[in-house]
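As you go down the protein sequences, you meet chains Y and G in turn.
The opening residue of the first sequence carries number 1 in the numbering used here; numbering runs sequentially from there.
The opening residue of the second sequence carries number 1 in the numbering used here; numbering runs sequentially from there.
Derived from the structure by calculation, the hints contain no laboratory data.
Heads up, some of the hints might be wrong.
Residues from chain Y that keep clear of chain G, each with C-beta distances beyond 10 Å, as calculated [claimed, not checked]:
1) Tyr89
2) Thr142
3) Phe146
4) Val152
5) Arg175
6) Met179
7) Leu185
8) Arg214
9) Val217
10) Ala254
Okay, the calculated beta carbon distance ranges per label pair [claimed, not checked]:
11) G/Val146 with Y/Leu202: 27 to 35 Å
12) G/Gly17 with Y/Pro211: 20 to 28 Å
13) Y/Leu26 with G/Pro48: 53 to 61 Å
All residues carry an ideal CB built from backbone N, CA and C; glycine is no exception.
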Amino acid sequence: MIEMIAALQPLVVGAVLLWSARVKLLSRHAAAVAGRSALVNLLGERRALPAYRLVGGVELTLGGLLVLPPALRAEAAAAAVLAAGFLAYLGYARRAAPTSSCGCLSARAAPVSRRGIARAGLLLAASGLAALAAGGWLAALTARPFAGTAVVLVELAAIVALSPELDRAWLLPLRQLRMRLTHPLRGNSGVPLLATVQQLQLSDAYRRVAPLLRSDVREHWDDGDWRFVGHAARYQGRAATAVFAVPLADPEPAAVRVAVVDDTTGHTLLSLAGTPPAAGPHLAVSPA
Amino acid sequence: MNQTLDRRRLLATAALGGVVGATALGSLAPEAAFAAEATAVEPGMPDPNFAEGRISKISGNMLLVTGSDTVLHSIRITGGTSIWKLQPTTFDQVAVGDGLYARGVRLPDGTLAADAVWVNIVNLHAHIASVGRNVLHLDHKGQHIVGHVVPRLSAAVYNGTPAVSDLSLLRVGRHVQVLGAWHPDTNEIDIATVYAAA
Numbered sequence: 001m002i003e004m005i006a007a008l009q010p011l012v013v014g015a016v017l018l019w020s021a022r023v024k025l026l027s028r029h030a031a032a033v034a035g036r037s038a039l040v041n042l043l044g045e046r047r048a049l050p051a052y053r054l055v056g057g058v059e060l061t062l063g064g065l066l067v068l069p070p071a072l073r074a075e076a077a078a079a080a081v082l083a084a085g086f087l088a089y090l091g092y093a094r095r096a097a098p099t100s101s102c103g104c105l106s107a108r109a110a111p112v113s114r115r116g117i118a119r120a121g122l123l124l125a126a127s128g129l130a131a132l133a134a135g136g137w138l139a140a141l142t143a144r145p146f147a148g149t150a151v152v153l154v155e156l157a158a159i160v161a162l163s164p165e166l167d168r169a170w171l172l173p174l175r176q177l178r179m180r181l182t183h184p185l186r187g188n189s190g191v192p193l194l195a196t197v198q199q200l201q202l203s204d205a206y207r208r209v210a211p212l213l214r215s216d217v218r219e220h221w222d223d224g225d226w227r228f229v230g231h232a233a234r235y236q237g238r239a240a241t242a243v244f245a246v247p248l249a250d251p252e253p254a255a256v257r258v259a260v261v262d263d264t265t266g267h268t269l270l271s272l273a274g275t276p277p278a279a280g281p282h283l284a285v286s287p288a
Numbered sequence: 001m002n003q004t005l006d007r008r009r010l011l012a013t014a015a016l017g018g019v020v021g022a023t024a025l026g027s028l029a030p031e032a033a034f035a036a037e038a039t040a041v042e043p044g045m046p047d048p049n050f051a052e053g054r055i056s057k058i059s060g061n062m063l064l065v066t067g068s069d070t071v072l073h074s075i076r077i078t079g080g081t082s083i084w085k086l087q088p089t090t091f092d093q094v095a096v097g098d099g100l101y102a103r104g105v106r107l108p109d110g111t112l113a114a115d116a117v118w119v120n121i122v123n124l125h126a127h128i129a130s131v132g133r134n135v136l137h138l139d140h141k142g143q144h145i146v147g148h149v150v151p152r153l154s155a156a157v158y159n160g161t162p163a164v165s166d167l168s169l170l171r172v173g174r175h176v177q178v179l180g181a182w183h184p185d186t187n188e189i190d191i192a193t194v195y196a197a198a
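Hey, can you work out the whole structure from these sequences and the hints?
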């Protein structure tokens, strides 16, 4: 069994390297990816892209050699050295440039994460195992087609699962599906305070007294069909409270009323009722 | 408690009272009342009437705040100060270690008499990475942030339309802007408002 698994490793490692080389050599965004990676810190802005392409070239060569016969132990050893290099690079990137992007298996920006490091570790282990293999992967696969295919698929699935940059392809759709089935955010109702504040800020009453207001919303309470919102205000040097009355059922800004009440005497200094909509032709504007 | 109720009844009666446009002081135009009160801020200088930082000490109604540029601010909470901490709240909810933004009037002794204080407020752009029961897991530039949906307080604004309580139109993978209250020294926030496309 272990013989067979070892013999299949060149195929797995080779496939991953070829995929990785494709991003580095063929992607139109390679320059941007290199610019976001820790290569900039390591080698400087000017040399990041050539180095990125060079790594791609090495991956292409080594991946091709691994996948194509003959199976040589030297290829596996070279892959192990490359994987160890990846591991060291990711460790460096995480320490020296934590905001940099991995630039590994996709042009999508993905920070260097524990998953990415685990993936490099898996690649290193697979390359090490490949060095133990005696025969080629094609012979091993034809000898035990079902078990062999299963091993390769499981390993590739593990590589994909350890690649944050590929989440968009499989993990997000799964989570979307789960959300569609379980509705975890359902069940919140009522008029949020923000809706009331938005409504009153559009009102004529607010426009008239806004220059008097000193504070943000200080208090709010519901009473019957009305929600009251209080702001601290100053009116001709007196400390006052501007209290807005906003109907809970009517979203029209024109329905908002306001009073400015003196804090010490309790006298109403100013009171404005909602203005009825202007007569004449009316242009209805609905938000996009 | 009774005092609060009486006060609220007074305010409610004033707001709903029928006398339109009447004022005890004669002038109907508020513009006249504030015309002389403009404060000048020198161009290029930091706004003297603003402060931000983490609260290092609370004594009486004074907050000692260390700014992110290590400048120390003393902030006085007055009877007219509004305090936001996920919702409009009271001074006793403010704790040492909280972050804040404050706006007010700089007094001659250097303290800031606060008109409004926003405690632990955060405003971030993120992607929804996954959704649990009343939890949004957000990806903010590769950093994981846990956003708690607070029933009856959290609101959503879809496509710029008026805010609603229903957050169920949010989708995994979409971009959102989140206003919320940070839990100090964690990667967790309580969500006040989510702005999203739907």
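How the hints compare with the structure:
no., hint, in the structure
1, Tyr89, "holds, 18 Å"
2, Thr142, "holds, 41 Å"
3, Phe146, "holds, 35 Å"
4, Val152, "holds, 29 Å"
5, Arg175, "violated, 4 Å"
6, Met179, "violated, 5 Å"
7, Leu185, "violated, 4 Å"
8, Arg214, "violated, 4 Å"
9, Val217, "violated, 5 Å"
10, Ala254, "holds, 13 Å"
11, G/Val146 with Y/Leu202: 27 to 35 Å, "holds, 34 Å"
12, G/Gly17 with Y/Pro211: 20 to 28 Å, "holds, 22 Å"
13, Y/Leu26 with G/Pro48: 53 to 61 Å, "holds, 56 Å"
In this structure, the earlier hints numbered 5, 6, 7, 8, 9 are contradicted, and the remaining ones agree with it.
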